[in-house]
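Asker: Here are the chains, one letter per residue:
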Amino acid sequence: MSATVPPIKPTEAKKTSSALGQALLVPILAVVTGLIIGAIVIVVSGASVAKAYGALFVGSFGNPLDFFAALKTLFASGDSAALIKAIYPFTESLVTATPYIFAGLSVAVGFRCGLFNIGAEGQFFVGALCSAFVGYSLQGLPMLIHLPLALLGGALGGGIWGMIPGYLKARFGAHEVVNTIMMNWIAFKLSDWLLNGPMKASGFRPVTPNIQASAELPRFFSDPLRFNLGFFLALLFAYLVYWFLFKTTLGFEIRSVGANPDAAKYAGMNIIKNFVLVMAISGGLAGLAGSAQVLGVDHWVGQGFSAGYGFDAIALALLGKSHPLGVVLAALLFGFLRSGATNMQSMAGIPIDIISIIQGLVIVFIAAPDIIRWLYRIRSLKAEETVLTRGWGK
Amino acid sequence: MTNALELQGITKRFPGVLANDQISITLREGKILALLGENGAGKTTLMNILYGLYKPDEGKILVRGKEVEIQNPNDAIANGIGMVHQHFMLVPVMTVTENVMLGVEPTKNGVFLDQEKVARRIREISEQYGLEVDPSAYIKDLPVGIQQRVEIIKVLYRQADILILDEPTAVLTPQEVEGLFKILETLIKKGKSIIFITHKLKEVLNAADDITVIRLGKVVGSIDPQEATPEKLATMMVGRDVNLVVDKQPAKPQAAALAVTDLAVRDENENLSVRGISFEVRKGEILGIAGVQGNGQTELVYALTGLLPVESGEIQLLGEPIHNATPRAILERGVAHVPEDRQRHGLILSFPIHDNLMLCTYYKKPFAHGVVLQEKAIFSNAEELVEQYDVRTPNIYVNVGTLSGGNQQKVIIAREFSRPIELLIASQPTRGLDVGSIEYIHKQIIKKRDEGTGVIVVSSELDEILALSDRIAVMYKGQIMDILDAKKANKEYLGLLMAGIHPSETSKN
Amino acid sequence: MKISTLANKTASEKRKQIAYGIVLLLAGFLIYLFFGRNVEAGVTTTFGLNIAGSQALKVPDLIVPAQTTVYMMMALVVFVGAFQLARGVRSTGLLLGILAFTFVFAFLTWAAQAKSFNLAGMLSSMLVRATPIALAALCGVISERSAVINIGTEGIMLISAQVAVVVGTLTKNLYAGLLAAILIGGVVAALHAVLVIRFKVDQIVSGVAINIFGAGITAFISSRFLQSGTNALNNSGSFPIISIPILSKIPILGPMLFENNIVVYLMALTVIAMHIVLFYTPWGLRTRAVGEHPKAADTLGVNIYLIRYVNVIVGGLIAGLGGAYFTIGSVGRFDEAMTAGKGFIGLAAMIFGKWNPFGAFSSSLLFGFADSLQVKLQILRIPIPSEFLLMAPYIITMIVLTGIIGRAIPPAADGQPYEK
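Going down the list, the sequences are from chains V, G and Y. Taking my numbering, I'd label the letters of the first sequence as residues 1 to 394. Taking my numbering, I'd label the letters of the second sequence as residues 1 to 509. Taking my numbering, I'd label the letters of the third sequence as residues 1 to 420.
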């Protein structure tokens with residue numbers, strides 16, 4: 001499998017702006033169409049779309065009226081409580097987007113090397129557990145040491161979880177799609193055991209103890225705002241991944257292996273090394289998604305901790321065309337959607353799973369731009385080939 | 001007597017290309033029409049239209065004087081047209097019987113395949129036309145020559161009386177070609193009419209009753225074989241005088257560049273493809289490796305370049321062992337490889353030209369400092385090479401996949417020739433290219449030789465081998481039949497070797 | 001000629017022979033280490049050969065001395081391992097069979113020492129638990145034989161499972177539920193077919209989208225409509241056991257093979273029917289040709305798209321049947337994500353079964369075995385956390401995919417869209 005999405009080159013900017021428009025048009029229309037079909041599902045299930053999407057909007061951005069009212073209060077009396085309440089939904093969306101950025105990058109890096117990592121879910125979980133372990137078990141360390149260690153733990157845990165299918169693919173040609181799914185289930189069972197046994201906090205619930213304060217990603221506002229350093233860390237990593245993929249020899253190798261493994265081998269590149277390396281990086285990024293969630297938001301891990309991040313990540317990478325910048329934008333979009341959907345569930349009684357439905361549709365539309373072009377009668381500028389798979393490995 | 005087949009004013013456009021431009025040809029009943037043209041002249045497109053695989057934009061098709069509409073292969077078959085494709089259309093993991101019956105399966109009780117019935121019919125056809133073949137054999141176990149027979153049987157089984165053979169001799173030894181011509185004679189005697197597509201001049205003169213030449217999608221003209229000469233045909237085919245011989249000085253061989261001893265290699269399916277061969281290539285000479293495709297040449301090259309492991313034996317480059325070294329280690333010692341399948345191995349089609357031009361050296365200065373790529377150096381290198389090797393492209397930023405085959409090959413040549421090399425291995429360097437590119441690439445290869453590089457040219461085109469080589473090795477079933485001086489070689493002799501017959505031991509066969 | 005100087009066996013074959021020998025010896029050592037040392041002398045293990053309530057004739061249970069049995073298993077595997085190192089056994093299947101048999105039997109003897117283990121019950125539940133896996137695998141076989149990868153089996157089965165229970169509950173007719181499940185499977189597969197054949201969407205991406213969509217829509221419906229206290233939509237009951245007269249009276253085999261519900265029987269019929277269609281009919285010949293060399297089939301006038309559409313949709317119908325197993329074929333209600341990766345395990349079974357119906361079925365039995373073993377072992381309260389036993393099917397899948405146990409070659413055109 002290979003993702004042959006060409007990088008955005010400075011020179012390509014010379015291409016007509018309509019090409020750029022077209023490049024953005026399909027993803028945007030894909031999301032819009034997904035939302036429209038989502039609306040149909042909501043109507044069919046007997047609820048009000050206006051109410052549902054209204055709740056979705058307020059849940060993700062906050063109510064603008066409240067915001068201005070709060071500003072007025074702030075200037076009038078210096079009381080910031082109302083303002084914090086008003087910006088809560090917006091910051092919460094950014095908080096939700098944080099692990100998405102990491103997870104989306106994880107899948108995108110895999111695509112670039114022709115590997116389809118659909119095990120970000122398991123890697124996320126393992127990363128979170130490792131970070132939590134480092135976070136609560138080490139005590140008395142200064143934050144400057146403890147926090148990086150906790151992050152490193154998550155990256156390593158996820159990295160190892162991703163590396164195993166990478167090695168099996170490289171060495172035996174075992175298809176990573178099935179193996180990463182299997183690793184997911186193994187991760188779930190493992191965590192069941194860990195959370196009920198070795199890592200269980202005292203008490204009845206199968207959860208880990210709270211991490212030490214020194215391992216927490218610092219928050220920028222007082223409770224209940226959970227907006228934290230993790231978001232900027234995610235943006236930093238997006239830049240690092242971009243630089244790594246497009247500006248270094250290692251990235252060049254990875255992209256070469258992804259675009260044409262035979263030619264890469266001919267050029268003296270080590271396919272096995274690259275498969276293992278990429279799956280380790282991919283797993284590590286997914287692990288960091290888990291870390292960011294534990295260290296920045298939850299501060300502990302419980303059963304069912306990762307709610308479909310792995311599958312979301314696939315949608316993000318596809319929507320972002322496996323480009324870090326695209327992934328960040330897609331992650332923000334889904335962060336706002338997910339965050340708003342929680343409000344929609346409580347306010348309008350629409351199950352949050354509606355987002356999964358929309359995601360499934362968005363993936364289809366992105367993968368089949370012809371459908372979108374056909375739906376909206378867009379003339380195709382150029383047949384754009386995106387080869388992602390090559391059968392069962394060999 | 002009516003004509004068996006007439007095409008009138010066939011035109012076919014592909015995005016950006018006029019593949020066929022008002023082509024009209026006539027096939028007389030019971031005759032062989034040779035359709036001659038260069039690679040890319042539009043012959044195959046024309047035949048695919050005739051066989052219903054493409055739809056023409058204009059023009060009509062007349063079978064025995066009656067206009068017919070051919071929408072798909074079924075229509076072609078119904079009109080008695082059968083096609084033997086250049087790349088055999090056979091399913092390797094199925095038997096001869098299964099391949100022949102595919103699409104027109106007779107059944108028992110209306111449900112189950114009736115294999116016996118088909119096998120009987122195949123035996124009948126075999127006998128009638130002298131096409132011996134075992135109906136229960138699996139295609140993958142059959143040699144190429146026999147596979148071609150199966151293709152012809154497939155056509156005859158469907159009771160075709162107009163046969164189209166697309167480049168049927170490309171994969172055959174000269175002796176097998178003789179055999180094929182005998183079969184064609186038999187077919188003509190039994191009342192069939194044949195269109196024979198080729199780019200090989202001499203075959204045309206041997207076999208055809210009529211010759212039509214196509215160039216750049218247009219009919220250049222028709223000519224009677226009695227009046228035609230190879231030079232005349234070549235000029236018609238290419239549109240200018242063609243130098244059929246490559247200019248070169250005698251070689252000045254020096255010390256050994258490469259020494260191979262008792263080399264054995266297994267292919268990807270673990271079959272022993274190279275069975276203990278030894279040879280030497282000296283600096284400043286070209287060793288041509290001839291042979292029908294699939295006799296171990298590919299595996300030999302892969303072993304030399306590290307793409308396949310060596311089972312046993314030794315490979316020495318300038319006296320240093322390199323067998324089982326990684327492709328990179330071999331590359332760094334100065335081995336350049338122009339691969340047989342340029343799109344599979346040689347290029348990353350979805351990458352821009354500048355990246356393909358540093359595909360093997362991206363990690364070295366000046367392209368990288370540490371792990372950081374240096375775009376300035378990459379771009380200037382590309383600008384230089386594109387200029388120097390005459391790669392026709394709008395700029396260095398377009399994807400290599402958008403270039404023509406000849407220009408793609410030039411990108412590979414530019415990349416491989418521009419770094420310091422001791423040994424050049426060029427596998428099928430001009431396959432599928434137009435004459436202009438062929439001439440250019442041949443010149444470049446000879447230039448490399450004259451600079452003192454050891455050169456191996458692997459080709460299944462005997463003309464190319466004879467034109468380039470200083471010495472010629474012939475491979476057959478994984479072994480080298482003989483290595484001879486190019487001056488003493490001729491086609492007939494090489495042909496025998498390619499068929500596994502050593503002329504000095506003819507008593508054996 | 002140089003050919004004769006090269007040994008008959010390739011280096012890799014020799015390496016393989018030695019590797020297998022070492023693995024067998026290692027198994028012997030592990031049997032000693034884990035089981036042999038921990039079995040008390042004089043204790044017996046009882047293997048139950050009867051199932052309560054079944055029609056089969058009663059036979060006496062198998063009671064074996066635990067320690068002796070474990071050591072016998074160890075001796076057997078060590079002997080075969082030594083023989084393999086010295087001479088080499090040609091059939092790897094035989095080797096693996098012996099390896100699996102000795103290890104599992106020694107394990108069971110140890111686990112159930114001084115207790116009773118219902119062997120017949122485990123074998124019987126093996127087939128039942130293999131059923132959805134086999135159906136997922138068969139869906140894969142029929143699609144991929146025509147070169148379309150369908151990785152969306154999991155999603156199709158989830159949707160079908162839910163539709164089965166809802167229709168079954170509403171109509172109060174399980175057969176209507178079954179039919180609806182099968183049909184909706186076909187519909188979803190048809191969607192996949194349109195996406196990958198008409199729109200040439202990447203086949204893996206489309207499959208993943210179907211999985212995500214399937215998980216989403218079933219969870220959505222489940223939490224919006226199926227959670228109500230009355231269970232008005234999610235309480236269909238399940239198919240009764242149909243005993244086949246006479247045959248079901250055979251001890252052990254009777255209850256295993258001939259006392260099952262309709263889904264299991266339909267699965268068996270599908271295996272046989274698919275084998276006949278694939279290898280003895282024109283449709284099968286064309287399907288295989290399209291999967292191996294579509295262009296060849298095209299030049300002979302075979303309609304590639306038709307073959308692919310029909311096969312993918314038939315695969316969907318079969319996966320739909322597999323979905324029905326989860327609800328109306330067993331527990332009678334729908335739970336979110338209840339397929340638990342069975343669709344993916346089915347894909348592994350398909351690969352391990354070399355894209356053949358019977359091969360896929362046999363490998364599904366392997367997974368069914370791991371699954372049922374794990375359930376029975378939990379009852380024995382052995383000192384291994386149940387979570388680790390639950391991992392077994394997933395780990396076995398990964399081992400199978402390495403191809404250490406025989407590599408299979410997929411249809412040559414598998415996964416590639418056809419371009420004229």
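By construction, these hints were calculated from the structure, which means they are not laboratory data. Values in this document were obtained by computation on a predicted structure and should not be read as measured data. Treat the hints loosely; a few may be bogus.
[Claimed, not checked] Here are the simulated PhoX-like pairs of lysine-lysine, each with C-alpha atoms no more than 25 Å apart in a straight line:
| id | chain 1 | residue 1 | chain 2 | residue 2 |
| --- | --- | --- | --- | --- |
| 1 | V | Lys247 | G | Lys140 |
| 2 | Y | Lys200 | G | Lys140 |
| 3 | Y | Lys200 | G | Lys55 |
| 4 | V | Lys273 | G | Lys55 |
| 5 | Y | Lys376 | G | Lys55 |
| 6 | V | Lys247 | G | Lys364 |
| 7 | V | Lys265 | G | Lys364 |
| 8 | Y | Lys376 | V | Lys189 |
Asker: Taking the hints in turn, state whether each one holds.
Answerer: A quick look at each hint next to the structure:
no. : hint                 : verdict
1   : V/Lys247 to G/Lys140 : violated, 46 Å
2   : Y/Lys200 to G/Lys140 : violated, 30 Å
3   : Y/Lys200 to G/Lys55  : holds, 21 Å
4   : V/Lys273 to G/Lys55  : violated, 47 Å
5   : Y/Lys376 to G/Lys55  : violated, 64 Å
6   : V/Lys247 to G/Lys364 : holds, 14 Å
7   : V/Lys265 to G/Lys364 : holds, 17 Å
8   : Y/Lys376 to V/Lys189 : holds, 18 Å
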